[in-house]
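Protein chains: 2
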Amino acid sequence: MSTKARNWMLLIITIVVVFLLGVLASNITNRKAEARFAYMPKIEIDENEADNAVWGEYFPREYQSFMQTLDTSFASYNSKNGHKDLLDDSPRLVVLWAGYGFSKDYNAPVGHGYALNDIQNTLRTGGPTGPGTGPMPSTCWTCKSPDVPRLMNEIGIDEFYKGKWADKGHEIVNPIGCADCHDAGNMGLRISRPALAEGFEAMGKDISEASHNEMRSLVCAQCHVEYYFDKKIPGKEGIPYLKFPWKNGMGVEDMEAYYDAIEFSDWTHSISKAPMLKAQHPGYELFSESVHAKRGVSCADCHMPYKTEGGQKFTDHHIQSPLANPSNSCQVCHREETKSLIGDVTERQVKNKTEAVELEKLLVHAHVEAGKAWELGATEEQMKLILMDIRHAQWRWDYSVASHGASFHAPLEVSRIMTSGTRIAQEARLKLARLLAELGQNYPVPYPNIETKALAQEYIGLDMEKLKAEKAKFKKNILPTWMKESVE
Amino acid sequence: MSTKARNWMLLIITIVVVFLLGVLASNITNRKAEARFAYMPKIEIDENEADNAVWGEYFPREYQSFMQTLDTSFASYNSKNGHKDLLDDSPRLVVLWAGYGFSKDYNAPVGHGYALNDIQNTLRTGGPTGPGTGPMPSTCWTCKSPDVPRLMNEIGIDEFYKGKWADKGHEIVNPIGCADCHDAGNMGLRISRPALAEGFEAMGKDISEASHNEMRSLVCAQCHVEYYFDKKIPGKEGIPYLKFPWKNGMGVEDMEAYYDAIEFSDWTHSISKAPMLKAQHPGYELFSESVHAKRGVSCADCHMPYKTEGGQKFTDHHIQSPLANPSNSCQVCHREETKSLIGDVTERQVKNKTEAVELEKLLVHAHVEAGKAWELGATEEQMKLILMDIRHAQWRWDYSVASHGASFHAPLEVSRIMTSGTRIAQEARLKLARLLAELGQNYPVPYPNIETKALAQEYIGLDMEKLKAEKAKFKKNILPTWMKESVE
Numbered sequence: 449m450s451t452k453a454r455n456w457m458l459l460i461i462t463i464v465v466v467f468l469l470g471v472l473a474s475n476i477t478n479r480k481a482e483a484r485f486a487y488m489p490k491i492e493i494d495e496n497e498a499d500n501a502v503w504g505e506y507f508p509r510e511y512q513s514f515m516q517t518l519d520t521s522f523a524s525y526n527s528k529n530g531h532k533d534l535l536d537d538s539p540r541l542v543v544l545w546a547g548y549g550f551s552k553d554y555n556a557p558v559g560h561g562y563a564l565n566d567i568q569n570t571l572r573t574g575g576p577t578g579p580g581t582g583p584m585p586s587t588c589w590t591c592k593s594p595d596v597p598r599l600m601n602e603i604g605i606d607e608f609y610k611g612k613w614a615d616k617g618h619e620i621v622n623p624i625g626c627a628d629c630h631d632a633g634n635m636g637l638r639i640s641r642p643a644l645a646e647g648f649e650a651m652g653k654d655i656s657e658a659s660h661n662e663m664r665s666l667v668c669a670q671c672h673v674e675y676y677f678d679k680k681i682p683g684k685e686g687i688p689y690l691k692f693p694w695k696n697g698m699g700v701e702d703m704e705a706y707y708d709a710i711e712f713s714d715w716t717h718s719i720s721k722a723p724m725l726k727a728q729h730p731g732y733e734l735f736s737e738s739v740h741a742k743r744g745v746s747c748a749d750c751h752m753p754y755k756t757e758g759g760q761k762f763t764d765h766h767i768q769s770p771l772a773n774p775s776n777s778c779q780v781c782h783r784e785e786t787k788s789l790i791g792d793v794t795e796r797q798v799k800n801k802t803e804a805v806e807l808e809k810l811l812v813h814a815h816v817e818a819g820k821a822w823e824l825g826a827t828e829e830q831m832k833l834i835l836m837d838i839r840h841a842q843w844r845w846d847y848s849v850a851s852h853g854a855s856f857h858a859p860l861e862v863s864r865i866m867t868s869g870t871r872i873a874q875e876a877r878l879k880l881a882r883l884l885a886e887l888g889q890n891y892p893v894p895y896p897n898i899e900t901k902a903l904a905q906e907y908i909g910l911d912m913e914k915l916k917a918e919k920a921k922f923k924k925n926i927l928p929t930w931m932k933e934s935v936e
Numbered sequence: 449m450s451t452k453a454r455n456w457m458l459l460i461i462t463i464v465v466v467f468l469l470g471v472l473a474s475n476i477t478n479r480k481a482e483a484r485f486a487y488m489p490k491i492e493i494d495e496n497e498a499d500n501a502v503w504g505e506y507f508p509r510e511y512q513s514f515m516q517t518l519d520t521s522f523a524s525y526n527s528k529n530g531h532k533d534l535l536d537d538s539p540r541l542v543v544l545w546a547g548y549g550f551s552k553d554y555n556a557p558v559g560h561g562y563a564l565n566d567i568q569n570t571l572r573t574g575g576p577t578g579p580g581t582g583p584m585p586s587t588c589w590t591c592k593s594p595d596v597p598r599l600m601n602e603i604g605i606d607e608f609y610k611g612k613w614a615d616k617g618h619e620i621v622n623p624i625g626c627a628d629c630h631d632a633g634n635m636g637l638r639i640s641r642p643a644l645a646e647g648f649e650a651m652g653k654d655i656s657e658a659s660h661n662e663m664r665s666l667v668c669a670q671c672h673v674e675y676y677f678d679k680k681i682p683g684k685e686g687i688p689y690l691k692f693p694w695k696n697g698m699g700v701e702d703m704e705a706y707y708d709a710i711e712f713s714d715w716t717h718s719i720s721k722a723p724m725l726k727a728q729h730p731g732y733e734l735f736s737e738s739v740h741a742k743r744g745v746s747c748a749d750c751h752m753p754y755k756t757e758g759g760q761k762f763t764d765h766h767i768q769s770p771l772a773n774p775s776n777s778c779q780v781c782h783r784e785e786t787k788s789l790i791g792d793v794t795e796r797q798v799k800n801k802t803e804a805v806e807l808e809k810l811l812v813h814a815h816v817e818a819g820k821a822w823e824l825g826a827t828e829e830q831m832k833l834i835l836m837d838i839r840h841a842q843w844r845w846d847y848s849v850a851s852h853g854a855s856f857h858a859p860l861e862v863s864r865i866m867t868s869g870t871r872i873a874q875e876a877r878l879k880l881a882r883l884l885a886e887l888g889q890n891y892p893v894p895y896p897n898i899e900t901k902a903l904a905q906e907y908i909g910l911d912m913e914k915l916k917a918e919k920a921k922f923k924k925n926i927l928p929t930w931m932k933e934s935v936e
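Chains as they are written, first to last, in our numbering: chain A, 449 to 936; chain B, 449 to 936.
Honestly, I wouldn't trust all of these hints.
It does not matter which identical chain is used: a pair holds within one copy or between any two.
Derived pair list, reagent style DSS-like, types lysine-lysine, alpha-carbon separation capped at 27 Å [said to hold, decoys possible]:
id : residue 1 : residue 2
1  : 787       : 653
2  : 755       : 832
3  : 801       : 921
4  : 610       : 923
5  : 832       : 809
Because the hints were derived from the structure by calculation, they are not lab data.
Construct all of the structure, not just a fragment, from the sequences and the given hints.
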């Protein structure tokens, strides 16, 4: 072939290659366009839409993965039946919460899809016989359903928090879902619960200034936080208004000081008479202490990592423990074998757990010793500092364990808190030993026999049969009407 | 130009390029050969050579970098003068160590090059007036100098450990150096101290099977460990034989159980009369609990990272805190800003430190309360469990802090230990409260005024002027003869 012919051939080949590249480029663009269509359909969802299935029509992948939160198979990591009875696991908790709902019933957490099922079935919400009855206030619904922002919009925040839990059972019918975190208008992340925005305000921050990455944690922080019901807000007296105790900061000592300053207590302990605090689930606060938070990792990065299906990259809405899904969560950053990563987490959990168990025993003993002191005629004045020690020690224990994930998120902070809790619990017992000696009993008060949940519940005087019967009646008579009313 | 001419030109260019590549290859090979020469000279070093400068003639880079351990500028991270007085920093330590040498004098660590200087100048080694005098045994030299393996070779291990510290002052004249870790024959890493090999044996392990990577930590573990002097070895009775308490394992509870089983104590506390344990510097044990150890990182990786000078890559023998050199230590793996990495470490240190300070206070109080109980006529029987609690609690505190680096190496393990130490210290105080009530004093024993080191030393009855005078006399009369004898 001549040089000329060769040059011509080269030109032709070049033209063909460039043409094919053009086709490829067009193809890529088309697929991108498809992806855009799949992610941003023209949607018509009402701003108050609480039915997750309606959202699911537009976002099938997100919806279908969210429905997987009903899958309890991974929970076997925690237990055999996926809903481990934590009072069975540690009957000490029954004594620690004597006089408070948690001593009746407390299970390991399951998926978001069970939110309503859980709160309706727990003995903690008791057996209401109709509106205005039962032990819990309406505020307890706040974190359970996208019907909450809808209802708040419809009747106002104060009105929502007002009244009994049973009053709004027919209104709250969709389990946690889309509208809790998403804006129906633009699908962006939104804060649907006023308490978080108000908590930020109390710290002098404006939540509307949060970045998208921060929002990927903050939507979770609407519920996974420490909170209390403030019944003394001027102009709203008597309404159990949901509030985060963040005015002094989000540290365990900050919140303790806050509660002490306003002399708040969740309940009075039925044995020691201590003015107790129940730590709820300060997950966001403890996560904020973590090295992951410092490196800019958000809740969603590990609990809802990206996933690809049919060429579509989307956020996996099967919210779960990252330990169930290390390849998409941990291993995106950590180049270690699954076994080794999970081994590290387990080791931290075991260390914190050992501390927690020992502290539980000290606290049980302190309550019982305080009970003995009252029995022997101790005065309020003699008991005051002791009860404050018990309050602070148990608060620290509870704060460390209540959010479940803390041993992963911030194991050292948990341990630090546990150390101080241990010191203070023993301080209470030291003062009690002196007081008991003064009252004529200078020998150890025996540790109660609370080997099982049943023994512990009997020890604190709970009539479990009655509670269960009330619940059964509620489930037979009331619960079906809620479902029915909501369907109509 | 014709096609033919062009082809010829191409051929010539190819030949030239290939020739130049050959030259380059040869050059590279030469440089490699030079490097081999620089690293593996034909050396003639006696197997007992203790003079670091002799080794330095063959390994100038390693030697010169090792000499930098005399540089105290980074120690300003800890203090202004590079040798912070830790008893000044926390006068509580004086009371915790009452009756033991550490209450006299205890400074922050400095570089390896100061090993002899330090031990000669500390008040802990007292003011010997000649052979056979002074408070410390010969065993105390064990970690201080490459003269130790030499002397052990020459006179035998038992003979080395025998006698007083002052007996061998003239023999030990070179500070920690080359022969402590290196084999003069092949420059490989070697275990020069029998205690580590024996410690491995006690655990059923054979240290000669250690990999090179393990050796990069084990040479450090010859000294940076927990140890005690066993005077009851059959056939060697009375010789303070250096031993690691590893038979049950390297955990803090394992060693505690070991010491309890053999009823060993380092000293009897002069106030509480508790049979105390002094944790030495369990650095290797706590490092073994670390995530770095789990990932196969060795001591040398961070404390002696690789360095390049004049095209030569070598191990930096300027052994120091990795925080003084994060770019070569931390940042080889961690892609984070120095400030952020050091911030993480500081945060962990601060958390552990807070726990340590609180525990120190409890322990001081426990010793003082126990002293009061003795004063009021407590019996041995009444005190027994209390003193064991004090022993265990202080052991755990000391174990957590004594190795200095533990808050970096294994902060969670430190905190876990501190939690248990706190619980046990308070348990002692609880029992003491009951005992004191029984003995007629049912009110708190005041915490002593130990605001300064001087006050604390006065409180425990130390005659510091006398100790200092003895030391001054030793430095004037004895120390110069050691230097002289060794030079001759």
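key: In rising order, the numbers of the hints this structure does not comply with   = Hint check: 2 and 3 fail, others pass.
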